[in-house]
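Residue numbers (numbering that gives the first Met the number 0), protein chains in the order written: chain A, 0 to 349; chain B, 0 to 349.
No lab work stands behind these hints: they were computed from the structure. Check each hint, because a few of them may be wrong.
If chains are identical, the list can't say which one is meant, so a pair holds when it fits in one copy or spans any two.
What the hints assert, rightly or not - Derived lysine to aspartate or glutamate pairs resembling EDC-like cross-links, with alpha carbons at most 20 Å apart:
| # | residue 1 | residue 2 |
| --- | --- | --- |
| 1 | K94 | E9 |
| 2 | K339 | D143 |
| 3 | K79 | D133 |
| 4 | K128 | D104 |
| 5 | K94 | E337 |
| 6 | K128 | D108 |
| 7 | K3 | D61 |
| 8 | K79 | D109 |
| 9 | K209 | E264 |
| 10 | K94 | D53 |
| 11 | K42 | E130 |
| 12 | K128 | E264 |
| 13 | K94 | E131 |
| 14 | K94 | D342 |
| 15 | K273 | E111 |
| 16 | K339 | E131 |
Protein chains: 2
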Amino acid sequence: MSRKLVILTEGHTNPHTAKTASCMIRYRRDEVVALLDGTQAGKTTQDLLAVGGDVPVVSSLDEAAGANTLLLGIAPPGGKIPAPWRAIILEAIGKGMNVLAGLHDFLTDDAEFVAAAEQHGVTLTDVRKNEERDIARRVGIRNDCLRVLTVGHDCSVGKMLTSVELTNALKNRGQSTKFIATGQTGIMIEGDGCPIDRVISDFVSGAVEKMVLQHQHNDILIVEGQGSLVHPSYSAVTLGLLHGCLPQAMILCYEVGRDRVTGVEHVKIPPLAKIIELNEMMASITQPSRVIGIAMNSRCVGAEEAEAERERVRAELGLPVCDVIRHGPDELVEAILEFKRGDGWTQTGG
Amino acid sequence: MSRKLVILTEGHTNPHTAKTASCMIRYRRDEVVALLDGTQAGKTTQDLLAVGGDVPVVSSLDEAAGANTLLLGIAPPGGKIPAPWRAIILEAIGKGMNVLAGLHDFLTDDAEFVAAAEQHGVTLTDVRKNEERDIARRVGIRNDCLRVLTVGHDCSVGKMLTSVELTNALKNRGQSTKFIATGQTGIMIEGDGCPIDRVISDFVSGAVEKMVLQHQHNDILIVEGQGSLVHPSYSAVTLGLLHGCLPQAMILCYEVGRDRVTGVEHVKIPPLAKIIELNEMMASITQPSRVIGIAMNSRCVGAEEAEAERERVRAELGLPVCDVIRHGPDELVEAILEFKRGDGWTQTGG
Numbered sequence: 000m001s002r003k004l005v006i007l008t009e010g011h012t013n014p015h016t017a018k019t020a021s022c023m024i025r026y027r028r029d030e031v032v033a034l035l036d037g038t039q040a041g042k043t044t045q046d047l048l049a050v051g052g053d054v055p056v057v058s059s060l061d062e063a064a065g066a067n068t069l070l071l072g073i074a075p076p077g078g079k080i081p082a083p084w085r086a087i088i089l090e091a092i093g094k095g096m097n098v099l100a101g102l103h104d105f106l107t108d109d110a111e112f113v114a115a116a117e118q119h120g121v122t123l124t125d126v127r128k129n130e131e132r133d134i135a136r137r138v139g140i141r142n143d144c145l146r147v148l149t150v151g152h153d154c155s156v157g158k159m160l161t162s163v164e165l166t167n168a169l170k171n172r173g174q175s176t177k178f179i180a181t182g183q184t185g186i187m188i189e190g191d192g193c194p195i196d197r198v199i200s201d202f203v204s205g206a207v208e209k210m211v212l213q214h215q216h217n218d219i220l221i222v223e224g225q226g227s228l229v230h231p232s233y234s235a236v237t238l239g240l241l242h243g244c245l246p247q248a249m250i251l252c253y254e255v256g257r258d259r260v261t262g263v264e265h266v267k268i269p270p271l272a273k274i275i276e277l278n279e280m281m282a283s284i285t286q287p288s289r290v291i292g293i294a295m296n297s298r299c300v301g302a303e304e305a306e307a308e309r310e311r312v313r314a315e316l317g318l319p320v321c322d323v324i325r326h327g328p329d330e331l332v333e334a335i336l337e338f339k340r341g342d343g344w345t346q347t348g349g
Numbered sequence: 000m001s002r003k004l005v006i007l008t009e010g011h012t013n014p015h016t017a018k019t020a021s022c023m024i025r026y027r028r029d030e031v032v033a034l035l036d037g038t039q040a041g042k043t044t045q046d047l048l049a050v051g052g053d054v055p056v057v058s059s060l061d062e063a064a065g066a067n068t069l070l071l072g073i074a075p076p077g078g079k080i081p082a083p084w085r086a087i088i089l090e091a092i093g094k095g096m097n098v099l100a101g102l103h104d105f106l107t108d109d110a111e112f113v114a115a116a117e118q119h120g121v122t123l124t125d126v127r128k129n130e131e132r133d134i135a136r137r138v139g140i141r142n143d144c145l146r147v148l149t150v151g152h153d154c155s156v157g158k159m160l161t162s163v164e165l166t167n168a169l170k171n172r173g174q175s176t177k178f179i180a181t182g183q184t185g186i187m188i189e190g191d192g193c194p195i196d197r198v199i200s201d202f203v204s205g206a207v208e209k210m211v212l213q214h215q216h217n218d219i220l221i222v223e224g225q226g227s228l229v230h231p232s233y234s235a236v237t238l239g240l241l242h243g244c245l246p247q248a249m250i251l252c253y254e255v256g257r258d259r260v261t262g263v264e265h266v267k268i269p270p271l272a273k274i275i276e277l278n279e280m281m282a283s284i285t286q287p288s289r290v291i292g293i294a295m296n297s298r299c300v301g302a303e304e305a306e307a308e309r310e311r312v313r314a315e316l317g318l319p320v321c322d323v324i325r326h327g328p329d330e331l332v333e334a335i336l337e338f339k340r341g342d343g344w345t346q347t348g349g
């Protein structure tokens, strides 16, 4: 039986919070029946999330005909299940629907959910659940596999989306490429990966290294970045990922106009040049690694402002710059292929 | 009933692997009855670990008269219980002894240990167990509390020991000082703290920040560092700790002669100047922070070589340098007090 999703974002349907919802609609449109948010019923996901065309926003599970799975569609800081959602989750279970979640609060740790699921014969899936217990060893990493990591000036700027767009574009050009998903939404889209922000800190880089070893028969790995080296809450995740995948090249993702750290808004985000310096310094401890392009997220500005920003950043940093949604990912794809054709990078990495 | 320890290091009694054992003997000598290692029986801990005087090394639990607690005394990479130790642990439980461990493999997750403990009415304690689920917020951190973090060029170089020595020396000088323990051995010594390498990566800096908020009524916090920013396996833990405690000053700990990363020996450790640069860069993103002194661990070299190294490093880095065991911690204590008397640092941190 194929998966048919009703995505729960009740009270949280905005592009920032409903990241999981909007990315599932973007990349798994054929599986999505409806979005459930009683506060926005009657609209479409296009209206609210700028994606999905006529996917309807409904106010009850009954209106999502044919759906067999309830997907919790948000990724809040700390990853907790909003209290008002409990009744909706129990109602879905009662109707015989599976439930799929990517939060830190596990469905399968909740006695009431587990009992209800057993009673109604449905499956609860926690994408963030993992048993990673291996440290990184830096052994067996292939020199001739190009590892490209998306890094960011903040969390939630489009690293996952950029990674998927780059992977798809590289595949379309005949490049043997694999998307390495490291977060709950990326994993739901790709069907494999590891939720590294939920891994015990001692094993973060080991978990990433394991995915690299498993998929390095591809010519290119596009690794989904997490957080930011300058994010006071999440930099542990970011550095473990950076050192676990040992990228030869990085794509810096940022959102136009964002200058305060998400969730810690009294802290300023340093300029892009500083972000590049920090990432290159921390990535280059044992081998050269550099930022080869910039993915700008210009969702909050108009076309004219986006073009002006693109030219400004290009001139300032001397790197290719594009918004992979607005402009398409070609300029960054070219940067990756040019780097791949270049000398030197295959000598590094082992 | 006071705790009387027999420390299990069977087959692993060397200063590097038996770090937990040697530090408990150094700082909790009055609680230690004996060390259990059948391969070394008849010797003393002084012979094997250069600490403890006449604490005997015995070959069976029966020889550890008066002991009421078995402490697992090693901290191996990955934190697993050595298979041959299972029988010894079960024997201790059978004799009515509590068991205390700091490994990643939890005693309390092991059905056989749990059943045996229940049967014999003893307590199993896993120091690394935690339920940390708070992200760092960077709110409420006091500007007038001096936070000093010990950082390292590698793991297992003496950051915990340096932190304890500095804390004790500062207290002896009448300074209101608290040791913030972040690893299993530090926690066993101090009686509180958080095992941050076992915390879910998203919550590492939050767990550290919580300890800072709890103890910042002291004038000085000495925070136990973990791993190293250049350790490919553990740098996630290191950076989360650095950003969670937001130190105004750091003490760099290193071991004389060590030039390969522990556990990843094909990777070279960068020079100390580079280690200082990386730590200062990552610590100074939102406020100034600098390395103010060097704790050299000279356990593997003689007195003459230690002095030559001390002078060489002093001259190269222009910082106070001492081995807190060989020379005592006074030079670093002076550096901390001088920094505390200086201007500027109280303006940072919030």
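Between the shortest in-copy and the shortest cross-copy C-alpha distance, which are at most 20 Å for K94 and E337: within, between, both, or neither?
neither (53 Å within a copy, 68 Å between copies)
Can you give me the call for K273 and E111, within, between, both or neither, at a CA distance of at most 20 Å?
Neither way: K273 and E111 sit 48 Å apart in one copy and 53 Å across, limit 20 Å.
Could you figure out if K209 and E264 sit no more than 20 Å apart (CA to CA) within one copy, between two copies, both or neither?
Close across copies (19 Å), not inside one copy (35 Å); limit 20 Å.
Up to 20 Å CA-CA - D104 versus K128, copy category:
both (10 Å within a copy, 18 Å between copies)
Under a CA distance limit of 20 Å, which applies to K94 and E9: within one copy, between copies, both, or neither?
So K94 and E9 pass the 20 Å test inside one copy only (18 Å; across, 56 Å).
With 20 Å as the alpha-carbon cut-off, assign the pair K42 and E130 to within, between, both or neither.
neither (40 Å within a copy, 40 Å between copies)
For K128 and D108, with the copy left unspecified, which applies at a CA distance of at most 20 Å: within, between, both, or neither?
both (10 Å within a copy, 17 Å between copies)
Is it within a copy, between copies, both, or neither that the alpha carbon of K94 lies no farther than 20 Å from that of E131?
Answer is neither: 34 Å inside a copy and 34 Å across each miss the 20 Å cutoff.
Please sort K3 with D61 into within, between, both or neither, judging by C-alpha distance up to 20 Å.
The answer is within: 14 Å in one copy meets 20 Å, while 64 Å across copies does not.
At most 20 Å between CA atoms: does that hold for K94 and D53 within a copy, between copies, both, or neither?
neither (25 Å within a copy, 70 Å between copies)
Can you give me the call for K339 and E131, within, between, both or neither, at a CA distance of at most 20 Å?
The answer is neither: 31 Å in one copy and 42 Å across copies each exceed 20 Å.
Please sort K94 with D342 into within, between, both or neither, judging by C-alpha distance up to 20 Å.
neither (59 Å within a copy, 66 Å between copies)
Hints 5, 10, 11, 12, 13, 14, 15, 16, counting from the list given before, are not met by this structure.
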